[in-house]
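Chemist: Construct the entire structure; sequences and hints are all you get.
Each chain, letter by letter, is given below.
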Amino acid sequence: MTDLAIQSAPALSKIKKHYFATPLNSTITVLLAAFTAWVLWSLFNWAFLDAIWGYGKNEECRAHEHGACWSFVATRWRIVLFGLYPFEEQWRSALACIVMLIVAVLSCVPVFWSAKRLPLLWVVGFVTFYILMRGGFFGLTTVVERDWGGLSLTVFIFAAVCLLGMPLSILFALLRRSELPWIARTMALLIDVIRSLPLLSIMFTFAIVLPFVLPDWAIGDKLYRVIVGYAIFFACYQAEIIRGGMQAIPVGQEEAAKALGMGYWHRIGYIVLPQAFRNALPPTINQFVITFKETSLVTIIGFFDILASGRAAAGTADWSFATIEMYVFVGLLFFVFVFSLSRYGAYLERRMSVGSR
Amino acid sequence: MQSLIKSRRVREAGLQFAFVGGIAAMVIIMVLVGRANLEAQGMTSGLGFLERATGWRISFSLIDYSTNSTYARAILVGILNSLFLGAIALPIATIIGVAVGVMRTSGNGMAELVGTTFVELFRNAPLILQLLFWYTLLLGLPSPRNAEPVLGGIALTGRGIYIPGINVTGASVFVAVLIMVAAFALALWLGARRWPDIHLQRTSRERKLLWALAVLAAIIAMWIGRIPETQLVSVPEAAGLNYRGGIRISPELMACLIAIAIYGAAYIAEIVRAGFNAIPKGQSEAARALGLSPWYIFSRIRLPLAIRIVMPTLINQYVWLFKATTIGIAISFTDFFMVISTAINQSGQTLELIAILMGGFLIINYSMAWVLNRVNDAIKLKGTQLRI
Amino acid sequence: MSDQAISIRSMNKYYGGFHALKDIDLDVAHGEKVVICGPSGSGKSTLIRCINRLEEHQAGTIAVNGIPLDDNVDNIDEIRREAGMVFQNFNLFPHMTILENCTLAPRLVRKQTREEAEAIAMSYLERVKIPEQAHKYPGELSGGQQQRVAIARALCMAPEIMLFDEPTSALDPEMISEVLDVMVGLAEEGMTMVCVTHEMGFARQVADRVIFMADGEIIEQAPPGEFFDNPSSERTKTFLGQVLGH
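Protein chains in written order, with the numbering used here: chain A, 2 to 358; chain B, 4 to 391; chain C, 1397 to 1642.
In short, the hints are calculated from the structure, not lab data. Errors might be hidden in some of the hints.
Calculated pairs, SDA-like style, for lysine to any residue (alpha carbon to alpha carbon, straight line, at most 20 Å) [to be verified]:
1. A:K259 / B:E15
2. A:K294 / A:R279
3. A:K259 / C:V1505
4. A:K117 / C:R1510
5. B:K9 / A:L181
6. B:K9 / C:L1450
7. C:K1532 / C:I1516
8. A:K17 / B:T108
9. B:K9 / C:I1516
10. A:K15 / B:L116
11. B:K383 / B:T316
12. C:K1532 / A:Q276
13. C:K1532 / A:R279
14. B:K9 / C:D1470
15. A:K294 / B:E273
16. A:K259 / C:E1478
17. A:K18 / B:V117
18. B:K9 / A:G264
19. B:K9 / C:E1474
20. A:K17 / B:G110
21. C:K1507 / C:E1496
22. A:K18 / B:L116
23. A:K223 / B:G351
24. A:K15 / B:G110
25. A:K15 / B:E115
Modeler: What follows is the structure in structure tokens.
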């Protein structure tokens, strides 16, 4: 009889341990559960039960205030996603975003993790994106950067910043850990100063101030100036991450390479960087996630990214009450991408800590 | 010559010279071009414009400001606003963040669920999106005409949150806050120094005395700063279209506070969680073996250890969060950045103002990091033989 | 070609204010095997690391195969091609297979084709008796196997001199002999070797000369018979008593 008594149902005992271990715990569980239930119920009500779906129902929505107006999404999603891009060509914008999505997904596949394949993948993807968006080749009508907008502008800025920023960050990291004191110290100062400044102020400076101090041929388009500024900011943060990865490599690795007669660039390219990147992979992915989120700051500088296009979509008199729904929609778009990427980063981190001893 | 080129020393010197020289050359070119451009536009350079009157208004200011105030004063207002926002949002973020972090490592399934949802929800959306979201929500509150005060004096309206206020000058509040902060620091320092004399009763009595004195001094400071001919406490009262009296927290300020506090809390919660997870199990086991209650194990062993472990990461996070206050410009909250950008629009003195902006942020960030690093050095685990 | 493989004259090295190597005079002839021993902190590793410029000396001259070791980058590169080094911690590249570890430098530095490099690498891997591990990663091999791969990797560059910096100190006792066997084989084929080690049996068997260092100076050098049985300096006697006593 005693044998049977000891074996309580494992599921039940787990629940007891996690939720009801002590009286205090039980109270907390009950309170939180009640609170969560209330919040979830209200949200459910707002977002589903009382909500209005379907196309063009702004009059109904305006009258029906306590439900969500998803009709806004159904009616205005094109503006949010594509901005002012010409209607007939919006398939190009969509296709371009899908291309970058494929590039992002493929980057996570270990097959592409070599010094040749990954940059190639990104360059090919980016060039395809640019051709699709800009047109002018292959019979596609030209659409200048000023008319890009919405999700595709956000994706474009993000991809350009990463593409420009990664090589720059490797350069900064190598300069920062140089054995030549003047180079290392100057670089350290530059990196620290740039990291201390708010991203917004750097974007602002590059957008507004730089035309003053650059010779005419170097000024370029405001969009590309902001991308360069953001890329430099990105490179400074990423350089520190790479430097951390380099510091985790045993000193003997570079010594062995030196003893074999390998020159500086061979050592860096074959021995130091591959191991540094392996060490620095989770923080790097985190950095990408943050970069994508912070791209939304360009709306303050006057660019028509997805946040600005969302506000434009909800800015007309017809739909001005639907601002919250718009923020939820845009927020969901960000959330999906950012959440998946950070989950992937966590998975990588777990996998790598299992492998190493 | 050949041997010179191949000599490593010469190469190294040459590389360093080229690098530093290249950067210096770029800076010089930018200065020359900048000066040429300014002359072409007929604008004076230099900081003389700081003495001019601005002619524009600032919506939120801790010190006196009018349209006749100088640019220098406007910039000061901006800096004070940023510091004010940081001084309130960062501690709130810390409190919420630590609470959520503790929830996530508590072992109670429901608490962990709620904590995880909070973190994932607020970490994965851009800060500016969250800011605009809260701002829209706050603007959607009922207008002052229709709003009923809750809790006897707090009115939540679309034009701001009205709370009861004390009719004292801003300076006296500032002095009172300073006194409390100094008392806090003094208590910490005394506590650290006196631990070896384990006369717990005496030290705790001394500490209580210290706090009592500090509170008394703060009250006296505020009493001295009382604005004459007004009640001490002013409660907001409905008056026509608006509320009279009390303190009005504008929707802009409130939105910034909420957004930065919650976003910061989500990040701090993760950091705190990592800290708790990094504490070796043996610490709790030893504490349990000694018979310490769960609350003491948490408050005296695990929490202090977790804080010491994550302090460097937390310092980075604080610096980053302070920089995030610049987001206020999206909803026209007149922080440092917004003041500078308005000033650039109005006066055209772009280069000087950008230099002031960057210099200001550098100074603030470095000072904050320096102070926090001193705190870190004071509390960090000492010695080289730690087995932890 | 000069008459000495390694020629060191009045070499001094400082770490800041600390005088690590004091007036070192040393000659190693072609085909000679020299073992350096001494208490820790005596400068033996520093000396051997100065030979291939992993450390820099401040005074005196070092010449390897007649090439002077100075600031000239071409000289440094050539010396590193002529001298191979085996480290205490193996320092195999963990992200490459054994074969790739061995073929990397020959392909990049000596500009060999992949086929050439792989053929040479496989022959050396057979020499050290682990050809079947060629496609594994260093983390999958035992310590003794890793060190043998490290020796093969250094040999793939066809050096004239092999430098060993305490090659068996990080190994479990049962793996020491497999590595020492390889080193003995190398010695018998006539390789010039400079070896820092505590393995006195190896020294007795293989060395042409044993050098004792303490406090940055060369105290005594003699052929092994004389060194072990009849040391002249007191320091040497004390050291030998400590090392051989167990």
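Chemist: Indicate, hint by hint, whether the structure satisfies it.
Modeler: Verification of the hints:
The hinted pair formed by A:K259 and B:E15 meets the criterion: a straight-line CA distance of about 17 Å does not exceed 20 Å. This hinted pair does not check out: A:K294 and A:R279 have alpha carbons roughly 24 Å apart, beyond 20 Å. The hinted pair formed by A:K259 and C:V1505 meets the criterion: a straight-line CA distance of about 11 Å does not exceed 20 Å. Among the hinted pairs, A:K117 with C:R1510 is consistent with the structure: their alpha-carbon atoms are about 18 Å apart, no more than 20 Å.
At roughly 17 Å between alpha-carbon atoms, B:K9 and A:L181 fall within 20 Å of each other, so this suggested pair holds. With a CA separation close to 18 Å, the supplied pair B:K9 and C:L1450 stays within the 20 Å bound. A distance of roughly 18 Å separates the Cα atoms of C:K1532 and C:I1516; the hinted pair therefore holds under the 20 Å criterion. Of the pairs offered as hints, the one joining A:K17 and B:T108 holds, with about 17 Å between alpha carbons and a cut-off of 20 Å not exceeded.
In summary, the hint linking B:K9 to C:I1516 is not supported, as the alpha carbons are separated by about 32 Å, beyond the 20 Å threshold. Proposed proximity of A:K15 and B:L116 is supported: the alpha carbons are some 15 Å apart, at most 20 Å. Restraint check for B:K383 and B:T316: the C-alpha separation of about 13 Å stays at or below 20 Å, so the hint holds. Taking the CA atoms of C:K1532 and A:Q276, the gap is about 18 Å. The hint holds against a cut of 20 Å.
Taking the CA atoms of C:K1532 and A:R279, the gap is about 19 Å. The hint holds against a cut of 20 Å. Restraint check for B:K9 and C:D1470: the C-alpha separation of about 7 Å stays at or below 20 Å, so the hint holds. Taken as a hint, the A:K294 and B:E273 pair is honoured in the structure, with Cα atoms around 18 Å apart against an allowance of 20 Å. At most 20 Å may separate the alpha-carbon atoms for a hinted pair to count; A:K259 and C:E1478 meet this at roughly 12 Å.
Distance check on the hinted pair: A:K18 and B:V117 sit about 17 Å apart at the alpha-carbon level, within 20 Å; holds. For a cut-off of 20 Å, the pair hint linking B:K9 to A:G264 stands: about 14 Å separates their Cα positions. Taken as a hint, the B:K9 and C:E1474 pair is honoured in the structure, with Cα atoms around 13 Å apart against an allowance of 20 Å. A distance of roughly 11 Å separates the Cα atoms of A:K17 and B:G110; the hinted pair therefore holds under the 20 Å criterion.
Taking the CA atoms of C:K1507 and C:E1496, the gap is near 15 Å; set against the 20 Å cutoff, the hint holds. Among the hinted pairs, A:K18 with B:L116 is consistent with the structure: their alpha-carbon atoms are about 15 Å apart, no more than 20 Å. With a C-alpha separation of about 18 Å, the suggested pairing of A:K223 with B:G351 holds against the 20 Å cut-off. Annotation: proposed proximity of A:K15 to B:G110 holds, straight-line Cα distance about 11 Å (limit 20 Å).
Of the pairs offered as hints, the one joining A:K15 and B:E115 holds, with about 15 Å between alpha carbons and a cut-off of 20 Å not exceeded.
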